[in-house]
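Could you put the whole structure together from the sequences, leaning on the hints where they help?
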Amino acid sequence: MTKHRERFLLQALKFEPQLRAYFRHSTRSRTDAEDLLQELYARLLRQGDADTLVVKSIRTFAFTIARNLAIDFARTRRTSDPPAISLAFITDAEQVDDCRVATEVERAVDAQQELQLLAAALADIPTRSREVFTLRKVYGHSQEEIAQALGIEINTVQRHIGIAARKCAAYLCSQPGAPQHYSLLEQFTRLRRRVGLK
Amino acid sequence: MRAERIEREAADWLAARDAGPLTLEREAALQAWLAQSDRHGAAFVRLQTCWDQANRFRRLRTPDQPVNLDLLQGAQRVAGSRPWVWLAAAAGVLVATFVLFGAYQSWGTQVYRTPVGGLARIPLADGSVITLNTASEVWVEFTAHRRTVRLLKGEAQFTVAHDPHRAFDVRVGEKTVRAVGTVFSVRWFGGDDVKVIVTSGRVAIVPTVTLAEIPVSVLPPSIPTIHAGESAEVGPHDALKVRELGATAEQTVSWTQGRLWFDRITLREAVAEINRYNRRQFVIDDPTLADLHIGGTFDAADVESFEAALRSFGMQVDESDPDTLRLSKAPQS
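Taken in order, these protein sequences are the chains called A and B. Sequential numbering of the first sequence, starting at 1, is according to our numbering. Sequential numbering of the second sequence, starting at 1, is according to our numbering.
Hints in this document: simulated from the structure, not taken from any laboratory. Treat the hints with caution; some may be incorrect.
Unchecked claim - Facing chain A, according to a computed beta carbon distance under 8 Å, are these residues of chain B, among others:
1. 15
2. 39
3. 41
4. 55
5. 71
6. 127
7. 321
For every residue, glycine included, the Cβ atom is placed at its ideal position computed from N, Cα and C.
As structure tokens, then:
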């Protein structure tokens with residue numbers, strides 16, 4: 001596996017539901033939980049700078065940082081220390097992680113199922129944002145083509161894409177153990193090559 | 001608030017770059033923004049990776065069909081128009097969403113069904129996963145205080161995400177199977193007989209009526225629990241038969257991978273099992289065959305390999321009728 005700095009962050013994304021649940025549990029606030037989650041990702045990114053760092057279990061690694069963040073959070077708020085991460089948070093992640101075995105039948109059913117799930121995930125964004133997303137990601141049209149087809153400015157298309165991208169990320173990261181997570185790193189390697197992200 | 005603001009900014013950059021290469025000036029501005037804070041970088045990497053990943057939604061379009069802008073409007077239409085709308089999906093999973101807005105929270109019931117031969121994996125909002133076997137139906141109702149799934153028919157495996165404040169209840173007939181964080185499967189074809197197999201953790205089986213009297217968040221200590229590696233059959237009058245499956249527990253639920261595992265069961269039982277997955281039904285014509293013991297692993301949808309196995313056991317299969325496969329002894333040569 002190539003050692004680029006995003007490696008820990010990307011591997012941790014598949015535990016996002018469990019990590020978020022832990023932060024919500026320890027902060028009792030949705031906003032604070034999102035804040036800590038983002039900070040956790042930032043720290044994982046920073047840890048990725050260390051070329052020599054070998055992490056045997058990304059799960060344990062991410063949850064250890066999560067626990068430290070929750071403790072710091074409790075101290076600044078002068079509340080009692082957050083509960084220890086119950087093993088359940090971690091072992092459940094493992095179970096969910098391993099439970100998915102794709103079969104032919106499942107793949108056939110999955111496209112329909114995914115359509116439903118994705119539709120539900122995008123249910124509370126504006127209709128126009130959803131349409132732009134559909135044209136861009138399902139039908140593969142370019143932003144320019146979409147602007148022409150819908151008769152809107154390219155800036156407007158981009159605003160809709162921004163709205164949809166956030167929802168879409170939340171959806172993709174909330175699918176427990178979904179197979180796409182295994183290829184995240186590989187995909188990102190390709191992405192870096194394409195855009196030359198530093 | 002801060003997290004949201006950063007994510008919005010990251011989304012703006014993503015959208016700009018999604019249009020094509022940035023000008024040198026804009027590219028420099030993006031790099032400067034990324035260098036400002038690792039949280040910027042983290043939010044951007046997460047969004048951009050998922051955005052790339054979203055290319056897999058290409059498979060959702062139907063080839064040879066005109067562009068359907070409403071493709072993703074399904075769930076919303078269901079919620080907005082009538083209380084119950086059933087959406088038939090071509091491949092067979094049926095999902096309906098029913099949304100009521102309460103004062104502080106939304107309540108929803110989702111219905112999932114599989115056709116004969118179907119197998120579906122359903123990720124739930126709390127991180128749990130339901131695997132639904134052939135010809136089965138579940139209703140999922142999550143609220144702030146409880147997670148309830150009704151198994152209306154068939155068989156399902158539940159991989160339950162741990163939540164100490166919300167028990168996970170599977171209601172089946174008059175019984176409720178309660179878990180906190182565990183993996184178990186439940187099978188029910190109506191009537192009193194319920195079969196539960198626990199592959200990890202433990203569950204309690206209680207009559208649904210008693211449930212109202214016990215706290216939501218715990219497994220009631222007074223009630224015997226079924227542990228990992230055990231199967232429990234509930235018969236009439238609440239008779240509970242617990243069996244130690246040990247290492248074979250995993251194999252018993254091999255249907256979650258589309259395989260059927262028969263451990264020296266009678267041909268009668270094996271045929272009843274394989275008939276659940278296929279429209280074309282096996283019929284045992286020769287009653288002396290019914291008590292024959294067979295074993296092995298079969299692909300649930302692959303009638304032919306099962307047929308071949310039966311032939312090797314010395315049976316013949318009459319395929320003249322399109323709906324049935326009639327089994328009898330092969331004439332001695």
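Hints, verified against the model:
| no. | hint | verdict |
| --- | --- | --- |
| 1 | 15 | holds, 4 Å |
| 2 | 39 | holds, 4 Å |
| 3 | 41 | holds, 5 Å |
| 4 | 55 | holds, 7 Å |
| 5 | 71 | holds, 5 Å |
| 6 | 127 | holds, 4 Å |
| 7 | 321 | violated, 26 Å |
Going down the numbered hints, you'll see the structure goes against just number 7.
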